[in-house]
Amino acid sequence: MTGGGMADGGAGWRGWAERYCGKAAIMAVFLLCALPGTILTALLTPPGQSPDEVTHYARALGLLHGVILGVRHEDTDPLTGRPEWQTGLKVDTGDFRLAFGAVTQVDQRPVETFDDWNTIERSPQDPDLLYVGLPNTATYFPAAYVPGALGAAMAKYIFNETPLHVFITARIFMAVAFMAVGLGTLYVAAYGEALLVSVLLLPMTVFLAGTLNQDGLLIAMTCLAASCLTRAARGWRIAGLVVFALVLGAKPPYILLLGVFALPLFAPGFWRRLTDMALALLPVLGWIGLISLLVVVPYGKAQYFPGPLYAGNHAVLMDHANAGAQLHILMERPRRFLALPYYSLMRDSYSNFITMIGVLGPLQIVMPHGYYAIWGVCLALTLLGLLVTRRPYDVPPGMALVNFIAVGAAVGVTLWGLYIIFYLDWTNVGLPDIDGIQGRYLLIFLPFALFAIPHLQSFPGLRHVRFALPPLLLALPSLGMAVFDIGYIPLKLVLNYYLH
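Under the numbering used here, the first residue of the sequence shown is numbered 103, with each subsequent residue one higher.
Don't read these hints as lab results, they were simulated from the structure.
Here a beta-carbon is modelled for each residue, glycine too, at the ideal position from N, C-alpha and C.
Hints are supplied without guarantee of correctness; some may be wrong.
Taking CB as the label site, the calculated pair distances span [unchecked claim]:
(1) G500 to N415: 53 to 61 Å
(2) D228 to V490: 55 to 63 Å
(3) N415 to V344: 43 to 51 Å
(4) V490 to L447: 55 to 63 Å
(5) L483 to L503: 19 to 27 Å
(6) G582 to Y452: 34 to 42 Å
(7) L429 to V490: 40 to 48 Å
(8) L429 to R492: 30 to 38 Å
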């Protein structure tokens, strides 16, 4: 009788957990938090007050004229008078100029005054086409700009709205696309919903999702690709490959993460998985080759003198990044390939951490230190929760170790590659450190922890452990912060931009 009672109790616990703490519950809480967070961000954030929002919006506007690929354009450098190459596209002048917004600097921060608001609200339509230089976003495959372009097209061509309303409608369409992909992620996932919803509801993710910066939607698409992979069926794996290939079209440096889709390495069907991965890789490589030949130009910079590592004339003013000169600096002392990324990572570790959690606006609205500490603890608990997350299939200890090493290597080498790329293509020539890396670039790594951290039963000596917690309980710390952020993020935006 006692054994039967215990069994009935276990069954009752599992039934209660599945009913109230399972997939449906976590999807409902995600929507409860993401809907007000993204929409209020879209409405409260002044135009242009998101990282690179002007150039992202221009890319979306280009789609209204069928521009898939940026166009190189020879122009004259206004500072030097020398000819230079730009890359960009043509957009409607009125819509593009609105994206810069109008703010007033008060106490070293941008604020929105009544005069500023009246300026952007009365901004007129101007259908004349203007060529806009976009050295970064013109190289991105435009899949993530489609929602914003659809919103802009509806407001502009169907309702004949002003440039401000076109801009806000485009933002709202991006937010709706993010929520749709997020719900799809949580619905598809066979396990790991707690980690996925934590990544989706980070303040940085929610803020970006409510603006025209494509990174919010790309983070959600990465989560969707990872959730497809949790299904461990070929059809779902291919679906995940397709989604992640679209991400890689905008983020080629993460290409090594495609290797995760070939795991496990020593299980039956490896060559089929490898073939599927290679087929998904081909269009990505094709896009990289196309933009390299037709679109990519060196980044223009404010004039500067080269740094101490430069072997040439330090009195010569430069106004572009120079990958060739930077590569020569690295090759001159090969240990710099490791030393520069390492020292830059250590130097920027805290700033990368807080910009991964969430620094709002154009990376100017910083939260209290305790806020970041709490969110960091929530993420750590969610990652540890993978140890008690039930898997739909058994992962032997040897396979778990290989998966951990493979995912860790893919993430580590990709992170190193990001630093090298930013040194070559972005950092001023000759500097002894690397500029440009931001914490939000690290968010794409987090969903792949699902395949690196196994359940406890995959550890030697713990094969008998069957204990697991439902996703809602594992996500409770992160969801608690996300509920708090429903009011906190809009409050920070209002305090920064409107109460002055």
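Status of the hints after comparison with the structure:
1. G500 to N415: 53 to 61 Å: Given range 53 to 61 Å: holds, Cβ gap about 57 Å.
2. D228 to V490: 55 to 63 Å: The hint (55 to 63 Å, Cβ to Cβ) holds, given that D228 and V490 are roughly 58 Å apart.
3. N415 to V344: 43 to 51 Å: For N415 and V344 the Cβ distance comes to about 50 Å; the hint holds.
4. V490 to L447: 55 to 63 Å: violated (31 Å)
5. L483 to L503: 19 to 27 Å: holds (23 Å)
6. G582 to Y452: 34 to 42 Å: violated (24 Å)
7. L429 to V490: 40 to 48 Å: holds (47 Å)
8. L429 to R492: 30 to 38 Å: Distance hint for L429, R492 is violated at roughly 48 Å.
Violation of the numbered hints given earlier is confined to hints 4, 6 and 8; the remaining hints are satisfied by the structure.
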